[in-house]
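Trainee: Residues per chain are reported as follows:
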Amino acid sequence: MAVLVTNPFATRFTRPGRIEPLDVTGSPVDVDALLDRLRGLLGTAAIVGPHGSGKSTLLTHLAAALERRGERVRRARLHSWWDVPKAWTAIRDSTAGDTVCIDSWECLGVTARSVLRLAARVSGCGLLVTSHRGTGMPELIRCGTSASLLRSIVRSLPGHACWHGQLIHETDIEAAFALHCGNLRESLYELYDRFEACASSIRAGVDAGPDGGDGSDGVCDGIQQFVDGFSYAGAPERNLG
Amino acid sequence: MRLPRFFSKKRGHRRTGSREWGVFGDGLFHGTLLLAGLFFGALLVSGVAAPEWRINHAFLESRCTILAKGLARTTVADPPAAVITTWRPCLRVRYVANGSVHESWSDGPSTENTPDREAALRRLAAWTLGSEATCWYDPAAPQTVVLQRGYNWWLWLLSLLLPGALVLVGGSGLVRGLRSWGKSEEHRAASAGFSELLDPLAQPTLAAPGYPAVPVWDDLVNSPGTILRYRLPIESPENWTLVGFGLFALLWNAVLVVLAVGAGLDLLGGRIDWWLFALLVPFLGVGIGGVIMFIRSLVFATAVGPTQLEIADHPLLPGRQYDVLLAQGGTGTIRSLALSLELEEQATFRQGTDTRTEQAVVWKQSVAVFHEVNAAPHSRFEARAVVEIPPGAMHSFTSSHNAVRWRLVVRGTPDRWPEFSRIFPVVVFPPDAEAKEASPRPAGNGEASRSREVSR
Amino acid sequence: MTKAMDSGSAMPRVDMQFDRPHRQHEPHDQISVRYRIEGCEGEHIRAIEHSVLWYTEGKGEEDLGVHFFQRLTDRALLPSATATGAFTTPLPQSPLSYEGVIVKVRWCVRVRLFFEGSRDFVSEHVFTLGRIPPAQLVSSRT
Chain A
1 MAVLVTNPFA TRFTRPGRIE PLDVTGSPVD VDALLDRLRG LLGTAAIVGP HGSGKSTLLT
61 HLAAALERRG ERVRRARLHS WWDVPKAWTA IRDSTAGDTV CIDSWECLGV TARSVLRLAA
121 RVSGCGLLVT SHRGTGMPEL IRCGTSASLL RSIVRSLPGH ACWHGQLIHE TDIEAAFALH
181 CGNLRESLYE LYDRFEACAS SIRAGVDAGP DGGDGSDGVC DGIQQFVDGF SYAGAPERNL
241 G
Chain B
1001 MRLPRFFSKK RGHRRTGSRE WGVFGDGLFH GTLLLAGLFF GALLVSGVAA PEWRINHAFL
1061 ESRCTILAKG LARTTVADPP AAVITTWRPC LRVRYVANGS VHESWSDGPS TENTPDREAA
1121 LRRLAAWTLG SEATCWYDPA APQTVVLQRG YNWWLWLLSL LLPGALVLVG GSGLVRGLRS
1181 WGKSEEHRAA SAGFSELLDP LAQPTLAAPG YPAVPVWDDL VNSPGTILRY RLPIESPENW
1241 TLVGFGLFAL LWNAVLVVLA VGAGLDLLGG RIDWWLFALL VPFLGVGIGG VIMFIRSLVF
1301 ATAVGPTQLE IADHPLLPGR QYDVLLAQGG TGTIRSLALS LELEEQATFR QGTDTRTEQA
1361 VVWKQSVAVF HEVNAAPHSR FEARAVVEIP PGAMHSFTSS HNAVRWRLVV RGTPDRWPEF
1421 SRIFPVVVFP PDAEAKEASP RPAGNGEASR SREVSR
Chain C
2001 MTKAMDSGSA MPRVDMQFDR PHRQHEPHDQ ISVRYRIEGC EGEHIRAIEH SVLWYTEGKG
2061 EEDLGVHFFQ RLTDRALLPS ATATGAFTTP LPQSPLSYEG VIVKVRWCVR VRLFFEGSRD
2121 FVSEHVFTLG RIPPAQLVSS RT
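Protein chains in written order, with our numbering: chain A, 1 to 241; chain B, 1001 to 1456; chain C, 2001 to 2142.
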């Protein structure tokens, strides 16, 4: 029987919103403090940082926190200039006091950004955006990356106690971070590959099926046979693990 | 009935709450689009389509006498400091409507408005004073009369295009939201058949009937081979490279020509735009480079010649062997020509502006290698080989963002040209399946046709 | 062993038993599962969903396909907080479970409990369909 080894670096565990937001030192971000700062900036600000620095993750958590506070949030994820209507619609449909969260604000040109900012001002809604570079909007937080941050992220992945030190070592984490020049997303992909390469030796000739075949027990050595959990609002496609 | 919880409580990493508010917000958004589409559509229909429809259906016919001709002038402001004047031909006619005699200036469609006064006058010349003509009047307002009827279909299409799009997007999103209201992820996926039609952003994947997530193979068997049963289509990156270079060269040089013509005209007029000339120099360099790259790719594609691969049967099954025929055209010598069978995984992830697609070859086996292959324009190289799909092989798999694909790859090393690789995708079924062709096979080359059923 | 996310608070638990040793199934097999719900004392379950589905895991976006789905809302059919449930369904020909390198195809059984207040709890149990050996990387490109 094929042994099922769940790679903790798979996208189901590392996509935006799955990982708690952490700052550059690897400590949890004080989401409430950020929201208070956002209020001080009159609800319009930008999360700035390079590729793979956790901007989308932070934006997802801030949006969820705003909703928990009872505020209305509209979300738009942009991939190119063609998504201008998406951003426009989100702003147009907002009312005073709402917050429009837009991922990848830098996709839009200068003109589109100016028009959308004006539209947001007219409608009285706030704008919280992510961008790779300065946007002319107040900066809520500047995301950066570090090896410590990557280590903290890795520590938060499922089954860490089982595979860390066996399949993935500290040297792997540092090497991945250095290889990809601080891009956390690419570093996690790199660690995925390394984990996969090591796990192939586990699969060969190892039978880790549950005793008695009743399927109710998993084995804590990086092999996940089943998981339980509550689902939650805004959960990504799979809310377990 | 308890309302969905608006706030949520935190429990460790988990939060309890409901997604109903999210669906509600989504429904509100799409509902707004739908209403906007209906509103604008109603405006356009009442302003454009409805009057036209009334003219063609509700107006009553009569005979009229043309008493006078004239031009109706419309003047609109054209900022910053100009006006636009348009002219429309119209006729004063006398006719009988509802038992009374009326005299009125005829109404014409707004499409007859023209800024060219002479053209409007020429249209008037087609009518003769004192002559009789057929007219149609509005029974509710007899003073309204027209001398021409018909439909401007393009105006209808244009008028309804934008509202139609809003209605479609808004309506489908609203229905999708209502269908998914209160449903779990599995429930939504289980009822995905109709929902997929409503989701314009979904990427439907075509699956073989009876074999979920196994791709269809219709496109791979619609070309009969000359010797073996099927000729496999090619999925070659070289073709896309050639098309890409061609398009780039065409578009870039088109822009270059426009700029050059403009600069030339300025020069002839005694003006020299130094900035434009400075821009032209690098543009010219890039344009020439694009043309060279395109020609080089074209020469390479034609010099190396086409590669064809025929196979005895399709789709394929694990544990079985299949005859293949490799044919290579072109001219010159190919130092080595290698045919291999590969299994490739593909995964796509989209985040922000990044769409990341990664491919990984997870299995590869050499089928045949040929050395010093000589091809001539009228005599292509041909060779047979046997491909075996390993027993227990993973079948072909496709979903919206992930795929497991089998393919036959021909790699060649020509004598005077760069290496090339040509890919021929194939579909492998799960083990113990009897492959069934998707469409009737054409009888080919004297081989008796036979059919195989898919066993369930 | 349940992977408890918050050991401090009481969590429901769904113990599931498969009818095949090592949860290894073949295409066209009948899969039968029995489950027992625990830890829901004081909670009222207003609905239960049973599903058998496949999903992808790896470096790409997750895709899923539901093969079997059943929703129980009839109070007479709902198990009590500590009762058991069972369901069975034939398995399809494809897709087979696949342990690839960047794409994995997994089959699982899910039982989703819906509580009052729009809260729901899901228990997912993986099983294997088919006997495809794991893949190993030969080469990759992005």
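Be aware that a few hints might be false.
Label-pair ranges, simulated between beta-carbon atoms [what the hints assert, rightly or not]: (1) B/V1261 x A/H79: 48 to 56 Å; (2) A/T111 x B/T1085: 27 to 35 Å; (3) B/P1209 x A/R72: 27 to 35 Å; (4) B/D1415 x A/T111: 41 to 49 Å; (5) A/R121 x B/I1292: 46 to 54 Å.
To spell it out: a stretch of chain B is covered by chain C in this simulated footprint if at least three of its residues, at any positions, have a beta carbon under 8 Å from a beta carbon of chain C; those stretches are [stated by the list, open to error]: (6) 1028-1036; (7) 1399-1407.
Worth flagging that the hints you see were computed from the coordinates, not collected in a lab.
We put the beta carbon where it would ideally sit given N, CA and C, even for glycine.
Trainee: Tell me, which hint numbers fail for this structure?
Mentor: 1, 3, 4, 6
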